[in-house]
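*Asks:* Take a look at the letters that make up each chain.
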Amino acid sequence: QKEVEQNSGPLSVPEGAIASLNCTYSDRGSQSFFWYRQYSGKSPELIMSIYSNGDKEDGRFTAQLNKASQYVSLLIRDSQPSDSATYLCAVNGGGYSTLTFGKGTMLLVSP
Amino acid sequence: NAGVTQTPKFQVLKTGQSMTLQCAQDMNHNSMYWYRQDPGMGLRLIYYSASEGTTDKGEVPNGYNVSRLNKREFSLRLESAAPSQTSVYFCASSEGRNRAHGYTFGSGTRLTVV
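Note that the protein sequences, when read in sequence, are chains A and B.
Quick note on numbering: the first sequence equals residues 8 to 118 in the numbering used here.
Quick note on numbering: the second sequence equals residues 955 to 1068 in the numbering used here.
Quick caveat, the hints were computed from the structure, so don't treat them as lab data.
None of these values were measured; they are calculated from a predicted model.
Possibly wrong hints are sitting among the right ones.
Per label pair, the in silico range of CB-to-CB distance [stated by the list, open to error]:
| hint | chain 1 | residue 1 | chain 2 | residue 2 | range |
| --- | --- | --- | --- | --- | --- |
| 1 | A | Glu-52 | B | Lys-1025 | 16 to 26 angstroms |
| 2 | B | Val-1042 | A | Leu-115 | 29 to 39 angstroms |
| 3 | B | Glu-1033 | A | Asn-60 | 37 to 47 angstroms |
| 4 | A | Glu-10 | B | Gln-971 | 16 to 26 angstroms |
| 5 | A | Glu-22 | B | Arg-1031 | 38 to 48 angstroms |
| 6 | B | Asn-982 | A | Lys-63 | 20 to 30 angstroms |
| 7 | B | Arg-1031 | A | Pro-88 | 18 to 28 angstroms |
Every residue gets a Cβ at the ideal spot worked out from N, C-alpha and C, and that includes glycine.
Modelling step: build the complete structure from the supplied sequences, incorporating the hints.
*Replies:* Here it is in structure tokens:
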């Protein structure tokens, strides 16, 4: 059973701070990693994907991957109240396989 | 582009009733998926279709059936609804095939079985 673990939170940060969201996964053969943002009552929205070890930056978002430690993280710089949402980590194994989602971390950004 | 369209958005069923959730995508994606999302349980895969003409069970398939009608459409059927099937259902699609791609989700169907 492939597992993806996230701290459920809530993670509370003040506006302008860096929010750090973490995820670990059990399948060492996993090759593709994704971060989704889900606002309350809405559907998940893809915000980042990462496939290789290291960092990938897109605007205020940075995804970090460490396959040796089976760890993926998402940094949100200059956090805004509009970033308040649940962030889902999703992992995909090799070949054709489906995404396994973590249960999500709730982020609260206070003005 | 509409992306992934799900219907209906809300539904209330009585125990034992049947219904079909409809999903269509206009992105020419190969793969389509049905997930359910429950509080504290996260997103769980019910069924998926890697490509037109194929369907496979996911983590929680019991009580459901699916049909990949064509490349665009993937429906989920509850033959005899049970209160345990009260959930939010999401359809998603992706390019699929050899490399994992992120999914595009529909807006969801909120189903209550009483």
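*Asks:* Would you mind marking each hint as holding or not holding in the structure?
*Replies:* We went through each hint and held it up to the structure:
no. : hint                                       : verdict
1   : A:Glu-52 x B:Lys-1025: 16 to 26 angstroms  : 24 angstroms, holds
2   : B:Val-1042 x A:Leu-115: 29 to 39 angstroms : 22 angstroms, violated
3   : B:Glu-1033 x A:Asn-60: 37 to 47 angstroms  : 46 angstroms, holds
4   : A:Glu-10 x B:Gln-971: 16 to 26 angstroms   : 35 angstroms, violated
5   : A:Glu-22 x B:Arg-1031: 38 to 48 angstroms  : 46 angstroms, holds
6   : B:Asn-982 x A:Lys-63: 20 to 30 angstroms   : 26 angstroms, holds
7   : B:Arg-1031 x A:Pro-88: 18 to 28 angstroms  : 41 angstroms, violated
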